[in-house]
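Asks: Those protein sequences? They're chains P, L, C and H, same order as listed. Using full-length UniProt numbering, you'd call the opening residue of the first sequence number 1 and step up by one each time. Using full-length UniProt numbering, you'd call the opening residue of the second sequence number 1 and step up by one each time. Using full-length UniProt numbering, you'd call the opening residue of the third sequence number 1 and step up by one each time. Using full-length UniProt numbering, you'd call the opening residue of the fourth sequence number 1 and step up by one each time.
Because the hints were derived from the structure by calculation, they are not lab data. Only a predicted model underlies this, so the values are computations on that prediction, with no experimental measurement involved. Among the hints, erroneous ones may be present.
Since the list can't tell identical chains apart, any single copy or any two copies may satisfy a pair.
Computed list of lysine to any residue pairs in SDA-like fashion (alpha-carbon distance at most 20 Å, straight line) [as the list claims (entries may be wrong)]:
hint : residue 1 : residue 2
1    : K77       : G349
2    : K257      : D457
3    : K172      : I275
Protein chains: 4
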Amino acid sequence: MPLPGLPFDPLTDGDTLHEECGVFGVTGVAEAANFVALGLHALQHRGQEAGGIVAYDAADGFNSVRRFGYVRDNFTKASLMETLPGSLAIGHVRYSTAGSKGHTALRDVQPFFGEFSMGGCAIAHNGNLTNAAALRRELIEHGSIFQSSSDSECIIHLMARSIQKNLSERIKDALRRVEGAFSVVAMTRTKLIGVRDALGVRPLVLGRIGDKGYVLSSETCGLDIIGAEFVREIEPGEMVVISDGKVESTRPFGNSKGRFCVFEHVYFSRPDSIIGGRSVYETRYQIGRELAAESPVEADLVCPVPDSGTPAAVGYSHASGIPFAFGIVRNQYVGRTFIEPTDQIRNMGVRLKLNVNRALIRGKRVILVDDSVVRGTTSKKIKDMILDAGAAEVHFRIASPPTAWPCFYGVDTPDRDKLLAARMTEDEMRDWIGVDSLRFVSLDGLYRAAGEARGRDAVCPQFCDACFSGEYPVAPSDQLDRGFQMKAAE
Amino acid sequence: MPLPGLPFDPLTDGDTLHEECGVFGVTGVAEAANFVALGLHALQHRGQEAGGIVAYDAADGFNSVRRFGYVRDNFTKASLMETLPGSLAIGHVRYSTAGSKGHTALRDVQPFFGEFSMGGCAIAHNGNLTNAAALRRELIEHGSIFQSSSDSECIIHLMARSIQKNLSERIKDALRRVEGAFSVVAMTRTKLIGVRDALGVRPLVLGRIGDKGYVLSSETCGLDIIGAEFVREIEPGEMVVISDGKVESTRPFGNSKGRFCVFEHVYFSRPDSIIGGRSVYETRYQIGRELAAESPVEADLVCPVPDSGTPAAVGYSHASGIPFAFGIVRNQYVGRTFIEPTDQIRNMGVRLKLNVNRALIRGKRVILVDDSVVRGTTSKKIKDMILDAGAAEVHFRIASPPTAWPCFYGVDTPDRDKLLAARMTEDEMRDWIGVDSLRFVSLDGLYRAAGEARGRDAVCPQFCDACFSGEYPVAPSDQLDRGFQMKAAE
Amino acid sequence: MPLPGLPFDPLTDGDTLHEECGVFGVTGVAEAANFVALGLHALQHRGQEAGGIVAYDAADGFNSVRRFGYVRDNFTKASLMETLPGSLAIGHVRYSTAGSKGHTALRDVQPFFGEFSMGGCAIAHNGNLTNAAALRRELIEHGSIFQSSSDSECIIHLMARSIQKNLSERIKDALRRVEGAFSVVAMTRTKLIGVRDALGVRPLVLGRIGDKGYVLSSETCGLDIIGAEFVREIEPGEMVVISDGKVESTRPFGNSKGRFCVFEHVYFSRPDSIIGGRSVYETRYQIGRELAAESPVEADLVCPVPDSGTPAAVGYSHASGIPFAFGIVRNQYVGRTFIEPTDQIRNMGVRLKLNVNRALIRGKRVILVDDSVVRGTTSKKIKDMILDAGAAEVHFRIASPPTAWPCFYGVDTPDRDKLLAARMTEDEMRDWIGVDSLRFVSLDGLYRAAGEARGRDAVCPQFCDACFSGEYPVAPSDQLDRGFQMKAAE
Amino acid sequence: MPLPGLPFDPLTDGDTLHEECGVFGVTGVAEAANFVALGLHALQHRGQEAGGIVAYDAADGFNSVRRFGYVRDNFTKASLMETLPGSLAIGHVRYSTAGSKGHTALRDVQPFFGEFSMGGCAIAHNGNLTNAAALRRELIEHGSIFQSSSDSECIIHLMARSIQKNLSERIKDALRRVEGAFSVVAMTRTKLIGVRDALGVRPLVLGRIGDKGYVLSSETCGLDIIGAEFVREIEPGEMVVISDGKVESTRPFGNSKGRFCVFEHVYFSRPDSIIGGRSVYETRYQIGRELAAESPVEADLVCPVPDSGTPAAVGYSHASGIPFAFGIVRNQYVGRTFIEPTDQIRNMGVRLKLNVNRALIRGKRVILVDDSVVRGTTSKKIKDMILDAGAAEVHFRIASPPTAWPCFYGVDTPDRDKLLAARMTEDEMRDWIGVDSLRFVSLDGLYRAAGEARGRDAVCPQFCDACFSGEYPVAPSDQLDRGFQMKAAE
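If we strip away everything but chain P, and leave its shape as in the complex, we get:
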């Protein structure tokens, strides 16, 4: 039974990919929770449904607040933030998956907290554990009581069963048992801890603030907002334990170069974040240039599909010489959520969010640049709007390769049979959407844009690109149990 008030997105209505989480932690500053609130605000694009903060204060112990809704609507209020005193705090923003039911909803909001004999520990997790279902069954069998429907709760229970005397050792013990992708920020009464899985699929960066403060954030934009200085990325397989102004690094999960999620470059990360020393905006701009080189077409205008297609559209325009213009305008007052909407609101669909700049578009051959095609339904609606405004031709250019495989490493993707690219060729997709042309950037083009000058290394790909290639760097064991079919070996 769905709770009242679940969000209704008039535009995408499920036709989108969602990063599932952002994590943030800070130590060594007064009122740490306020910094966490700001950091989470900067990471809001990674999870808009709910957020939580845990703070520790010697006099007041651990305190925690979890809330549905935007960070700015909850964690900016003085009366609330006063309940989170202390100089050490971590937080989490999340996208709440459809499966959450009434009695678990708020309980699923992280950070998770466990009271152990050696003290409390809070954990926030970005990613997805591919063997969580099996672990959960096993833990319940041995007497663990799960309080949430979130797989990430396994980590706390695995810690509880560890015989290590020390909480950071228990975290290691627990994470050795899990498979999949995880960037974890955790805290004890005295330590701020950051960990990335062996492949480093999800991002996590380290920053400094003030004389002796340290920050962990999913992205560098979380450092910028609080005026923290970027130090370095946490390495794949690395664990950092920060205490008393010192950072201790170990590599409990191996020492590989890792396979970072290439889709973070395409869509998830903010354009002002820096990944691997490279501006995300720049990578997206270069994707546009690659697209223009790979798939040129004669046209009058290059228009972005707001807002994520914009940098690639600028790049396409520069490389092709075709003028850039905002042919589609986004209503900045639309949030994702309409509570209890009228039927008219439901039927209004895309018009609530977007409007065509009719005077600009009329009679023109238009190139639309979008970040990706998932189910294809949004592309169809946008094409309808553009043609309805009198465009002479519509050409779609997509700043990612065809998304033909689901992600099991922390991105909410539809089942494979709902992905347009899993069912159709590029030409079939073009006809189904009903446009004059449709082209995706190549996988090599994407790699080049992301800084790999020679493109994708066929033997040891530099990124995780399973959603495009079907090559999963970690076997999705829970999914295989449920009957998921991997790509046949060639």
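The hints should help you fit chains L, C and H onto chain P, whose structure is shown.
Replies: Below, chains L, C and H without anything else, positioned relative to chain P:
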């Protein structure tokens, strides 16, 4: 750090005893959660701060809602109750103790829920476990993660560690490990379960509704409100498992006559409830008669301290022939809660709740009948009001013996050194409060009023009266660990 | 179209009379609005749906807050009260009549405020203007814009059209044009003003607070709560203008003895208020004695219908010697309001509010004392409850004469054809309700109880008793326009 | 005393100009209020603080709802919209000026409603009446009671004093008395009415929907969202009365070409709206080209100040050949409002809203294109951010001439002495802001971009440009009364 919005009671301000919980369950009726809501509304006096309901529906699984505030403000709304479908449901109302901190508050609201390999189980508990702290330490040592600060959560974790294949057997296993007072209502997917501890300290009754429905309720007033028929009390030490319209009874915790809490008669239970075949109102009325016989005084009026002193005041008036009158009027629009009150509201104190019927009181010798004296501060304020209105004399008659010992079986009492009767003789109390006379009913008088014609059996007392006598029927082991001093043997 | 959230009263469901307002004002104290909030809290029984306060501060001008709901839920919050600075303030509580529609609702909440060329003026009104409809038509014809659906707004517009230079003179001008009942509390930047109509139908009292503060309140209980000293009642036809610690009295509306509403004694006023030097509680108690003398019956118990029948039941018991008992218990956690209730809540009706003390009632002959019979539906429900609990006989004794005529002076009564006593004789009512006997106190008995030893003066009745006698002291001209039939002259 | 919860804008903090209103009306469609809600949502940029809708239904009369906050958070809820039935409705969004005090706030939200002897009339007004203060004094003198602090309420009172029998004639009468700028949408029980003042300063367009429905909207984007067809602009001085599917046009206020507000082109209107047959986006793009031609500079990047500087930045880039890039990224999750913000939020300022794309900016010579300079404080903050990110040079190009005069026709501007351009020359402003260069587009350049090929006609300027030129087309009489100094004649 206290959460904003904690209640401010302008009258008692801590000078009162609180029953900590009420429990209710129903099976075999459509929309069971609606019945639970009504039952909890009738039991609201047992816990006003928060309530929770868990319901089970074959199609929809377990659903649960927990809310701060009155039942009538939450669990009457159609949109909320729709999220709790099914024909089996249990619920709980609670008094939230001062110790609850920010991050645990709503999590402490029962029923507690556990997912086991053989299915889910929800539990609601009225009472207090006297060895909970020790159990909790032990469970954490072995890997249990507590999600609340409530000791009752131990029951779920003990169940999780049982090797029984069957949930009702696991409940038995768990309850065999706990000490203290418990009246438990629990549910699995198919069963409604009720249990009382060996001494039957807290009440629990069984009722029938419709053709094949059954009800468990802390008091009979919970049956009345939904039109259920009273069947019998659950016996001390008994467990009933109700399934498919059948009630199976076992006695896993012994077969004694039990020692029911005598304070339920004095104050906690509703006057329209029936305990041990006897109307609570009648018992309170008889206490008034006993008081008049034991402690007569010449006066013009007998006035109750609203509202709980009323039946005893009527009894006192009838036995003494002194006219009964409402000398103190209660403002019916005062709730317990003032959110963020102005200073003037804080300072207004008792006037917000009570006003003296000045024209009635002026120049009169007044007997005030109250249910109990805890810290004594409220009695002092009421005496001031009455004298200020021009009373000639003020005589207090108290419908219970001096409360000199804390309760460890589910009643929130101040520490022993805060109890006026632990520090003073009756005459000292009279002088401290500043009244012309002060008398408490005797322990024997109380027993007679409650139906024990020969008074208290010194060898095998019929009730638990530890708060008056200091004789604790179950050793309060956690408290002894913390240094609590039992009454010296005589 | 009714707004969501209109109150649903499970017990009376329209079968009750409502006082429509309470008024309160204070000057000469710091933070006057806080005192007004307390006064309105004490007057909450006169209007539960909404309240408003206007305050004046030299630096900050006039400020005003209007809110739906109880005073204690709104006007106790520090953050709200800070918006109402100043040493002069007035307030109003009201019962919101069913006719209020969406766009007027909050606008109908008083005090009304008008900006005049000589400064602002706020007005709060208790009573009803019997020529308001005609005045409203006339004012609109001449260019007045009404902002509310409340007839009381006429007063402000009449003031605006007065050519007097002074606001208190303008108030006199305005009130000379209105007919009906009014107790008005008003304020300008420097003056607190109180007025009663020529007959003094609604109450209004004057009190002192501190060195130079003055208070106006509908009832004396409003003085008690803030520790003000009762000075005197405002006289029928009197106007007091309080400024700089001085009270100036004039009699612009005649000098009669007045005809105070006798129903204030029976039901509306609080039992701890003093009217005409007489305790309301005492009058109600005496009504019970009159009833016992006029209409004795053999029985086992006298039980009040909670809560308003209680003093008369005590009187009946004392006069008859039949024991008094609480046979019906009221759930103190029921408010008037259920927002969006489930069907089960709606159907539960009276059980949500009342429960019978079954053990007490079974087999007994019960006298039930209630304050009045309006439509009779509530009496029927209560009779059902009592018989269902096994009472042997049920006798109703009503502490007022039969209510056979609507009130047009500030009480919300059903249309005449809905009043049971307008359609039936006493015996027919008894049969319709289904009880063994039903008796009302006589009009003379009521007058005696209210202190008029020789009963009702047939020539110059001492009270307004139109609701019982059909003799309206002021012609209800708007109603006559709408076709209302007065009682035929005899 | 400011109410709690007034908005805190972390970026501009008063350093911005605000359009004060948007108006919308529709007739001849079922559930007209739903269409008004959508239209107001599209016009939300014209007023973000509050909105109101009035609807008329034959069975249900006039209903109205006013709310603070965004349209999408209030007027999308089914339960609310059900209270606004009928096929004729109008609405208003507004920017709430700082002057509003506690007791007037919600009352200031339009539409205003008046009940006249010939029926009700609702009015929504965009613009500002320059003689409102004088009119208000006069009306109060004659007995009008103002309920709001809004000058627009004068219109209703002037209507009330008209002797015309017909409401649309009364509107004419009223508007003949007012001076200044007004685009009015009004409704009676049967008519939808639109009026523009003689100069047509504020926009108003007419659209068709369905077979016989008509729409009035401040901008064409309000037609697009509901799928209405653009018919034409309402002419300066024109009044249209729409009834039974017919549009009657008259010219009660003269027949001039008008002087439309040029700032609507620069900033207020949405880029996808069409004014005078010309796309607002196109005009802004052309301003950028004019700027590039008038004020070239060598640089590496052209970056818009988000979001309003974007089209001009694209134009500048195209004309200059300097690459366009998003050097500043806007956090899409920042609304204007922080309720009760922590100090840290307050101090965070611009970072909450904007972040620099550091990797892109470092070492570059950057041209920043913004729409206007008001107080200059925002420009300073943005310059700081850009330099802090390592830019080599910063050049500001402003898409409007220096704003040196306040607007009295419906735009909220600071007092003249707060306007940077009123106090400094262009060079002084450059130094005060601290950038390498600062250039504004010329007035002629602006006119050319807006479609007047020969620039500004010095004798009969085609637009109202008082904010730049100090030439006020209507004398601001209230302001002159208060001592405002007009520009000296040259």
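Asks: In ascending order, which of the hints set out earlier in this document are inconsistent with the structure?
Replies: Per hint list: single violation, 3.
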